[in-house]
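All chains, please: the whole structure from these sequences, using the hints.
Which chain is which? The protein sequence lines are D and Y, in order. Quick note: the first sequence uses my numbering, first residue 57, plus one each step. Quick note: the second sequence uses my numbering, first residue 315, plus one each step.
Honestly, the hints are just simulated from the structure, not real lab data. Beta carbons are placed, not taken as given, at the ideal position from N, Cα and C, and that holds for glycine. Heads up, some of the hints might be wrong.
As the list claims (entries may be wrong) - Computed beta-carbon distance windows for the label pairs:
no.	chain 1	residue 1	chain 2	residue 2	range
1	Y	G330	D	T133	45 to 53 Å
2	D	K127	Y	G330	44 to 52 Å
3	Y	N377	D	K113	35 to 43 Å
4	Y	S367	D	K139	37 to 45 Å
5	Y	E317	D	T142	23 to 31 Å
6	Y	L325	D	N109	38 to 46 Å
7	Y	T359	D	T142	21 to 29 Å
8	Y	T359	D	S129	17 to 25 Å
9	Y	V327	D	L171	35 to 43 Å
As the list claims (entries may be wrong) - Each computed PhoX-like pair below joins lysine-lysine, with the alpha-carbon atoms no more than 25 Å apart:
no.	chain 1	residue 1	chain 2	residue 2
10	Y	K382	Y	K315
11	Y	K356	D	K65
12	Y	K382	D	K113
13	D	K70	D	K139
14	D	K151	D	K70
15	D	K126	D	K70
16	Y	K356	D	K70
17	D	K126	D	K113
18	Y	K356	D	K151
19	D	K113	D	K139
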Amino acid sequence: DGGITQSPKYLFRKEGQNVTLSCEQNLNHDAMYWYRQDPGQGLRLIYYSQIVNDFQKGDIAEGYSVSREKKESFPLTVTSAQKNPTAFYLCASRKLAGGNTGELFFGEGSRLTVL
Amino acid sequence: KQEVTQIPAALSVPEGENLVLNCSFTDSAIYNLQWFRQDPGKGLTSLLLIQSSQREQTSGRLNASLDKSSGRSTLYIAASQPGDSATYLCAVRLSNTGNQFYFGTGTSLTVIP
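Set out below in structure tokens:
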């Protein structure tokens, strides 16, 4: 079945460590997104990418980095520079051409806890 | 900047009741609006997508309407069931070329058996 796979589902990190969250999609979608979700707040955009080897910062990119070496993959690295990284991270994707280009699809999320 | 509001933040209804969830947005020049469902600790599941040219979309017991001029969308759930208990979020996109989606904070729905 087509979908978006995020891993790991749960991740614990010590302060000062970098961690990488994986996002893989087999929907043949062009655009991919990373969002952060905190209790009581709407989803906030970290980074997005419309094409391989290109990506743009969202509203809260500081302390995060991404890469888009393959169309199917958009990993997110949470660096030690991110001051408050404990959150639920969501990866999403959508088509940019053809029918239903507006619809956004999400993975199951990754919960990062900093100890 | 587009602001999206969902009121109430939480809602409890008895099983079988029809209900309406609200989504308001400040900039009426939207390209589309999408409704999602989120179960605790899970990702978002797309329910309905309404293009700016449409007035409503239906899927099973769900019906979403869009009134751009008033900056409002509603999600109608008919004959609610305990399995409908979840948080419902709406998101708007401003243009065909835009990549920015603006999300509400959601309405947490509890359907009581």
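Next item on the list: Could you check the structure against the hints above and give me the numbers of any it violates, in ascending order?
Entry: 12, 14 and 15
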